[in-house]
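Colleague: Counting in the working numbering, the sequence shown runs from 1 upward without gaps.
This list has only true hints and no planted wrong ones.
Below, in silico cross-link-like pairs of lysine-lysine (DSSO-like), each with a Cα-Cα straight-line distance of 27 angstroms or less:
no. : residue 1 : residue 2
1   : LYS105    : LYS129
2   : LYS61     : LYS16
3   : LYS940    : LYS864
4   : LYS593    : LYS606
5   : LYS61     : LYS105
6   : LYS770    : LYS880
7   : LYS653    : LYS680
8   : LYS129    : LYS61
9   : LYS65     : LYS156
10  : LYS542    : LYS575
Cβ-Cβ distance ranges computed for the label pairs, FRET-style:
no. : residue 1 : residue 2 : range
11  : ASN7      : ASP38     : 18 to 24 angstroms
12  : ILE224    : GLN39     : 35 to 41 angstroms
13  : GLU772    : ASP721    : 26 to 32 angstroms
14  : GLU541    : VAL384    : 49 to 55 angstroms
15  : GLN1045   : GLU1011   : 23 to 29 angstroms
I should point out that these hints are in silico values taken from the structure, not numbers from a laboratory. Heads up, the beta-carbon is just placed ideally off N, CA and C, and yes, glycines get one too.
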Amino acid sequence: MTRLEFNKSLAPRAGKPIAISELLRRLESVHGELQRFDQGDVDLTTLEKVAKELISNNLIKHKDKGVRAYTASCLADVLRLFAPDAPYTVGQLQIIFHHFVSQLKELADNESPYFAQYYYLLESLSQVKSVVLVADLPNGEAIMSELFQMFFDMAKPEGLKNLEFHMTEILVQLIEESPTIPRDVVTMILAQFLRTAVSLHQSSVPNQNQSVRSKVQTRLTQQIPPAYSMAKTICINCSDRMARQVSQYFTDVIYDMSTKTSSEEVSETDLTELRKAHSLIVEIWKASPDVLLTVIPHLEQEIFLENVDMRLIATQTIGLIAGEIPGRVNFISSHPSCWEAWLGRQNDKSFAVRAQWAQGCAFIIGNRLDVVKGTVEGLGRSLVDIDDRVRLAACRAIGDLDYKTIVLKFKSEQVLKNLAERVRDLKTNVRTEAISVLGNLYDLAYDDIAANDEEIIRILGWIPSRIFELIYVNSPEMNLLMDLCIHEKLMPFDIDDKRRVTRMLTVVRYLDEKLRKVFKLMANRQKGLSNILNLFVQLCEKYNGGVCDDPEGPIRTKLDQTVKCLADMLPDPIKIETTLNKFVDRNDRRMYKLIRDCISSESEYKIVYKAISEFKSKAEQIAGLESFVVILYRSSPIWYSRSNMANIIAISKDSGSDGLLLTARELLKDVSESMPAVLKVHIRDLIQEIQTSTPGGSGNVNTLKACAEYAKSYPDDLKVDKPFIDSLLTLATKGDATEAKYAVIVLMQTKRKIAYARELLGVYLPLSVKSEDVLAHLAGLASLVLWMPGLVEPEIDRLTAILIKEVLLQNRIKHSPEDKTWVDDLRLDQWTKSKVLALQILVNRVRAAKDAELADEIAQPVLKLLISLITNGGEMSRSKDTPAYTQSRLRLCGGLYLLKLAKLSRYERMIQAKDINSMGLLVQDKEFQVRSDFVDKLKKYLSRNLLAERYMPLVFLMAYEPEEESKQEVAMWIRARTAKLQQLKKTEMERNFARLLHLLAHHPDFGTSVEDMLDFTQYILYYLNSVATIQNVSLIFYFAQRVKQVRDAVSPNDSEKLYYMSDLGQAVIRRYVDAHGWSIQTWPGRAPLPGDLFKAIQSSKDAQEIARTVYLQDGIAEKLSGLIKTRAASRPAKTANPTNEGVEESLTMNTEIDKKGVNRKSQNSKRKSVGDRGSSKKKRVAASDDEYED
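Work out the full structure: start from the sequences and follow the hints.
Modeller: As structure tokens, then:
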């Protein structure tokens, strides 16, 4: 056995003090020996003297730090060597451990000269576990509390890790060995978790600016405090003992609160404490879920309490717990009952709880690696909750999720579909958030979409479509949100030309045909809006902030009109008008220049970008002017800019451009039609491409069309050379029909056009229908007839004879029962194309006629031919052997060419009312493509005011359209048209009700039976649903009455039919008004009826007799009431899928500038029977505009 060799005294005697230096040497010597001894290998009797002296007050309470430090180290060694039986009494142990505590406090100063002794003491207590003796001391709980408080306070992030380790070991030993754990110790341990706890909501109202998930993510980026780690280790290592203590702690809080049954009994202070407790639960679960084994059932009970605030807190807490990545314990599998109870909160009666559930659901989806059953589906249901606050919370929750989570876990498209529906939500804040979330998602997904990732395209590629569809809502507020999303999220500013153009083409690529037209209309509105803005700036400069000759004169009047026009484009126009007037008074010349830089077609993209950026910065100085930036977006050449054209042209020629080639060609075609000036700096590129092209080459048509449109607009700027002319002549004679058409148009813009026209005529004539280039020759002749009628006229009689006898009346492909009723352009045979081109030549000759007498002479037979094509169903051959698809094509051509001639006033007057009635056959044609193309062209011309109003009633024959989508598209267009005309204070749509009644009176299906009258009610209802409002229904009723006061000017003997329709119209309007809770007022004044359809009744006696006669049969009134009530209740929403022409109406509604300033029988079966041919949607393939346009 080893013996202690130290034999000197440590405790000074009376009158014999020991110098401090000597005492330190002795203590250091003793400590050196003691720390070398191993437990059990030393003769303890040799230690008794030292052990007794070390407990002396002269050492423990010595004034020198070093003496006290070495004394503590030696005492620690004595306890180690004598273990497990300490050589001290209980009272002495109390003194020793108080001394230990006082010395351990010195560890806070790691610069202390005696830090090694303090650390040795800590290490010894940790390793030897002598600290457990505290549990047997009378004041052990106080010492234990002091140790916990001291160690937690001492733990610092910059401290030594070894210190943290040994302190934690000591605390764990105390918890394990103490018979009871003081309440304040439990409180101190739990308090450490509050250092990182996520604060739960400070009120019962959900949806704070920062989501729960983002708060958690913020915490994860912060450094974990050492005290938290220590508490976590204690809970893990002492889970059994701590579980009882923690359970008791939370039981007291939760149970006490749950016993309060009414909201009045639960104060805000109570809720604050409850949130604090639940924050602790969340953090403890993350650290040591085993400790909460008996606490979770209390949470389960909480979410069934009547108090909403308590249910809300419990719902949030469980959501955070369940969202933790499973470690030792998986909440969902270990607490299935609580999990199922939490899932049920998605149907809670409180919106706040449901909203909080949605946030928790998103946190679970985003934070866990696995897919938890019920969460994705539940979040999707929250998006369609009846309460807008829940829908808003769900939108925000999805917005907080990261891109990868959405891609991995939202493969079921229902959630995203529900999110997409929210962009049309009735609540502004919900749709604003949904649009923002979708825009951000697309921005994140763009790189994958551009890389042709099919899965990402399937999941998120539809987002631009949903955003562009918002134009159909026709709401200034919705248009504002849509434009912001498009310009800042879908296609944000990017000064890299190629990258920017590629992104634009990618967005357009995945739009369907209808939405591509919307994109083009939005791009094309730039010119009109820029004119208004330019006028606005000019007026502002003249007004000069009110410093001018006449501040209240005509300049101010025009300025007010312009301001109102601009304000009407945005939400809250009154507020915007006030803001713009402040802008006018400010007279900021720099901002005027910025606007001009934005809207100029000559501005490069970088200039536009810088101008808008600076304007946005300056706009912040004028409250409310931020919204005006949207008008700058709309009126600036951002998409069809000069800077974009080079890359669009390059991509249109690059066959390896990842599917963007066709989109680039399509946009190039649109640019050439709508903004040819943009092509000015790129015309040489187009010419070069044409020079190197060969007939039938890919992309030829778009390039030729672009060049043709530019040449028509700027013929003097077209610089041609022989290679270019040779290529054009080759394409005009050897190319396909469309190539030949545009090649001839370009040639006709050159200075030597007459010579080229003669050269081409030498090739084309005499026309050989058997030539392999006959289509090119026919197309070339159609262009020459229009552009050079004088040269062609000497040959026109012979040409016309060939066209009629050898093309139109001859069928080289005979009718077959297996014929399809429609064949698209790509598959159409050349003989049908020849017939179409032959008709085009005849029509173009009429269009080009300058002499009035000649025009009348040649127009009559052509008009008769076109009308006969419609009435005869497209059959021209006497042998009736024309293929069905050719007949469909010819019927369509007849209608389209009639509309084209109707745009010219001298021919429009030659088209009689009965001819317009015949056009109605096309609106109800048996072939969908015929109906669709004809109505589309009709709407286009009407929208642009190119046709007289007497053609408008034709669109109401769509009432029996079997394709519901097409029917509703037309209805939306009618509503947009009506809104525009009402804004312009015009009553054209109301007056057209009289025309509609006349059209129906001459309808092939007209009959006077009750069944027939009820069938015709559908037409009237379609009109009323599209046009009637509480403001104009009285005027519509007035026109219905007036029809019974006149005779039919077209067919006087059929006037009685008009009276039937007048009575029916009045009856339907009365029932319609009743169903809507409106009233009919007597219309003041007198409005004339169309003179081409109606004439006055000469005899007053006859007029009185007609007025007294009721033409409708008995019993029809009762049937009308039930019919109209049912249809009014099920009437489709007015925003459902309108046509692009309807969009065009809405886009141009506020861009008018006035002169003073701002301005059925198949052809013999019932027409309504088209619905009996099946309502399966046919693929809509629009006939090429090139076939009918020049």
